[in-house]
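Q: One-letter residues, chain by chain:
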Amino acid sequence: MIKYLSEYRDVELVRVVIDEIKRTITQPWVMMEICGGQTHAIMRYGLDQLLPPEIELVHGPGCPVCVTSLELVDKALAIASQANVIFTSYGDMLRVPGSDQDLFSVRASGGDVRVVYSPLDAINIAQQNPDKEVIFFAIGFETTAPANAMSILQASSMNLMNFSVLVSHVRVPPAMHAILSSPLNRVQGFLAAGHVCTVMGYWEYVPISEQYQIPIVVTGFEPVDILQGILLTIQQLEQGLYEVDNAYTRLVTYNGNKPAQKVIQQTFTTCDRKWRGIGEIPSSGWCIRSEYASFDAEKRFNVEGIHPNESPLCIAGEILQGIKKPNQCSAYRISCTPENPLGATMVSSEGACAAYYRYSLEEI
Amino acid sequence: MSHDLITHTFLPFFDNDVLRRSNDAGVVIPKRSTPDHNLDVGKLAISTDSHVVWPLFFSGGDIGRLAVCGTVNDVAMMGADPLYLTAGFILEEGLEFEILERIIKSMQASAQEARIQIVAGDTKVVQNGKADGVYINTSGVGILPNDLIIDGAYAQPGDIVLISGTIGDHGIAVLEARGELGFRSGISSDIAPLNDMVQNILEAGADVHVLRDPTRGGLATSLTEIARQSHVCIEINETSIPVRPAVNAACEMLGFDPLYIANEGKLIAIVSEASAGQALEAMRNSRYGDDATVIGKVIDKPEDRVLMKTALGTTRVIEMLSGEMLPRIC
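Residue numbers (my numbering), protein chains in the order written: chain A, 1 to 364; chain B, 365 to 694.
Don't take each hint at face value.
[Claimed, not checked] Computed cross-link-like contacts, DSSO-like style, restricted to lysine-lysine with a CA-CA straight-line distance of at most 27 Å:
{"id": "1", "chain 1": "B", "residue 1": "Lys395", "chain 2": "B", "residue 2": "Lys407"}
{"id": "2", "chain 1": "A", "residue 1": "Lys325", "chain 2": "B", "residue 2": "Lys673"}
{"id": "3", "chain 1": "A", "residue 1": "Lys262", "chain 2": "A", "residue 2": "Lys324"}
{"id": "4", "chain 1": "A", "residue 1": "Lys132", "chain 2": "B", "residue 2": "Lys494"}
{"id": "5", "chain 1": "A", "residue 1": "Lys22", "chain 2": "A", "residue 2": "Lys324"}
{"id": "6", "chain 1": "B", "residue 1": "Lys665", "chain 2": "A", "residue 2": "Lys325"}
{"id": "7", "chain 1": "A", "residue 1": "Lys22", "chain 2": "B", "residue 2": "Lys673"}
{"id": "8", "chain 1": "B", "residue 1": "Lys469", "chain 2": "B", "residue 2": "Lys488"}
{"id": "9", "chain 1": "A", "residue 1": "Lys299", "chain 2": "A", "residue 2": "Lys132"}
{"id": "10", "chain 1": "A", "residue 1": "Lys274", "chain 2": "A", "residue 2": "Lys262"}
{"id": "11", "chain 1": "A", "residue 1": "Lys324", "chain 2": "A", "residue 2": "Lys299"}
{"id": "12", "chain 1": "A", "residue 1": "Lys262", "chain 2": "A", "residue 2": "Lys299"}
[Said to hold, decoys possible] One-sided excerpt, in silico: chain A residues whose CB lies under 10 Å from chain B:
{"id": "13", "residue": "Arg15"}
{"id": "14", "residue": "Gly37"}
{"id": "15", "residue": "Met43"}
{"id": "16", "residue": "Ser118"}
{"id": "17", "residue": "Val263"}
{"id": "18", "residue": "Thr337"}
These aren't lab readings, by the way, just hints derived from the structure by calculation.
Don't be surprised by glycine CBs; every beta carbon is placed ideally from N, CA and C.
The task is simple: from the sequences and hints, build the whole structure.
A: Structure follows, in structure tokens:
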């Protein structure tokens with residue numbers, strides 16, 4: 001696998017694409033990388049330092065940990081605090097601040113909170129602990145949805161009744177609509193999230209590109225991938241074109257991974273969902289179908305009295321929509337750090353604030 | 365996080381000149397309680413470390429070898445020659461005798477290799493479920509000449525930064541032993557005593573300003589600590605940092621950065637520019653130093669920071685590890 005990475009970090013190739021971008025561009029353009037993984041790669045490799053000043057990259061909402069609603073985080077914390085429960089989650093979620101605490105502090109006060117690498121690990125834990133309720137916190141965009149859906153199907157076929165899933169699945173296309181229809185929108189081109197498109201393909205983006213007359217380029221995560229995505233976007237912008245293009249052809253096809261999409265459809269149905277800091281976006285989520293309601297942790301655990309209390313200082317919502325950047329926040333690096341985060345964007349490995357904190361030279 | 369705990373919780377109460385230096389070991393000049401009667405034994409370096417690694421055995425080592433080498437290395441990082449160790453064992457009720465014996469044999473072999481003696485010990489047994497088999501605390505004492513000062517606060521602009529070999533091996537080996545990789549990396553822990561390497565560097569006449577073993581938090585965290593202690597900037601080159609391909613591959617899959625992965629048999633040496641060649645040669649001629657190399661230099665600004673020149677020619681900041689290292693989602 002590693003063998004297929006070095007080619008996309010090749011210094012010479014990076015130089016060639018950068019030169020081509022510089023030759024093509026004639027005026028300022030604002031583009032958004034949708035995925036937080038891309039934001040981190042841009043900051044980690046310092047790609048912003050190589051680009052001509054005409055290009056402004058704003059950071060998108062594609063950080064599942066960041067957009068999981070505070071209400072749902074608080075529900076997770078309430079469930080995880082209960083006796084006779086094993087709460088399993090991807091590691092990235094443990095540091096995310098809820099209204100009062102995070103999953104780490106639940107664990108420190110005796111809660112059984114475990115990091116898993118895959119929802120199937122949670123299934124194994126449920127099998128090994130038949131006398132306990134095992135919950136998996138299924139967060140993520142379209143990328144993690146197939147595996148999470150599989151865990152529900154598998155639990156169903158095994159009749160594993162002590163297993164349930166707390167679902168916070170979100171979808172990219174409705175978020176793009178929300179960003180583009182906002183009066184504050186500055187985005188003129190999108191680098192679409194390569195991993196999401198590996199599952200979903202990019203047919204969903206064609207009507208968005210047409211409706212808002214905006215170029216959308218499916219983009220990967222390595223330096224050459226990202227720069228290639230930027231180049232294809234700039235070429236369209238400079239020529240006044242707006243199309244959906246694919247700069248991640250080694251993994252993404254127009255139709256995507258059909259079996260994976262089928263598993264998603266079998267298990268989930270589209271629903272409205274709240275995004276942390278942004279608010280409710282219609283049809284932007286996936287919820288568990290009624291056939292599998294017995295595996296829905298929200299239904300199984302009737303968690304009452306959730307009163308989400310967001311930090312008044314945190315501007316993560318504006319950052320996730322590309323309206324502001326992390327260093328434009330008054331709390332950034334002062335009252336908000338990875339040790340004491342006010343918002344999820346400061347702790348997630350895909351969060352824009354964490355990327356600035358970890359890699360950016362601007363602060364010094 | 366442990367940095368914060370030390371600075372804000374322990375230091376205010378235990379505060380003294382030795383602890384405040386925040387080095388791997390405390391360096392003291394032994395004195396009698398009555399003034400004007402200094403003992404003429406040179407300086408002592410004293411360190412202590414508790415070991416709670418799980419599982420107890422992993423590729424390339426075990427908790428016993430770790431307990432010996434960890435403290436030997438902390439003492440050695442002050443330029444001291446480690447002489448004596450103490451060992452305290454907290455045993456979980458029900459621990460198999462065979463397992464304990466394997467651990468003790470491993471400690472004995474490591475002590476022999478490091479040419480130190482374990483001269484005092486203690487054993488406590490706790491109820492089943494109150495410890496992961498066995499916890500081991502070791503304390504160590506070493507001696508160093510009166511005129512030798514190696515200290516995290518002594519990095520100076522112009523100095524050269526060296527590393528004694530590949531980074532991240534120990535952390536990945538332990539993750540694999542825990543079954544958390546989900547695949548075989550073939551990586552073994554690098555646990556090793558580094559006292560011979562340190563003495564070789566000093567005997568080669570290198571003008572050594574800082575030595576540190578980048579254990580928990582990895583190379584990034586140790587370099588950041590040194591930059592803050594010395595109020596300098598440390599600039600490293602991404603392409604110079606030795607990382608095994610298998611460690612790189614494991615990190616890529618899990619979303620980790622090798623810069624933050626623990627090492628147990630590596631040292632960072634910061635030496636004057638003029639003596640960098642001697643130091644490098646001494647490291648390479650030492651056991652465990654085959655892959656030693658120059659990774660960067662010390663500059664004056666921005667103070668308290670570590671910067672990395674990437675392979676692409678850009679520059680980025682290196683921060684300390686904050687909290688537990690967590691795998692990413694996708």
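Q: Now tell me, hint by hint, if it's right for this structure.
A: Okay, the hints, checked on the actual structure:
no., hint, verdict
1, B:Lys395 - B:Lys407, "holds, 10 Å"
2, A:Lys325 - B:Lys673, "holds, 24 Å"
3, A:Lys262 - A:Lys324, "violated, 37 Å"
4, A:Lys132 - B:Lys494, "holds, 22 Å"
5, A:Lys22 - A:Lys324, "holds, 26 Å"
6, B:Lys665 - A:Lys325, "holds, 26 Å"
7, A:Lys22 - B:Lys673, "holds, 22 Å"
8, B:Lys469 - B:Lys488, "holds, 19 Å"
9, A:Lys299 - A:Lys132, "holds, 17 Å"
10, A:Lys274 - A:Lys262, "holds, 25 Å"
11, A:Lys324 - A:Lys299, "violated, 37 Å"
12, A:Lys262 - A:Lys299, "holds, 24 Å"
13, Arg15, "holds, 8 Å"
14, Gly37, "holds, 8 Å"
15, Met43, "holds, 7 Å"
16, Ser118, "holds, 8 Å"
17, Val263, "violated, 16 Å"
18, Thr337, "holds, 8 Å"
Figure legend: structure checked against the earlier numbered hints; hints not met, in rising order: 3, 11, 17.
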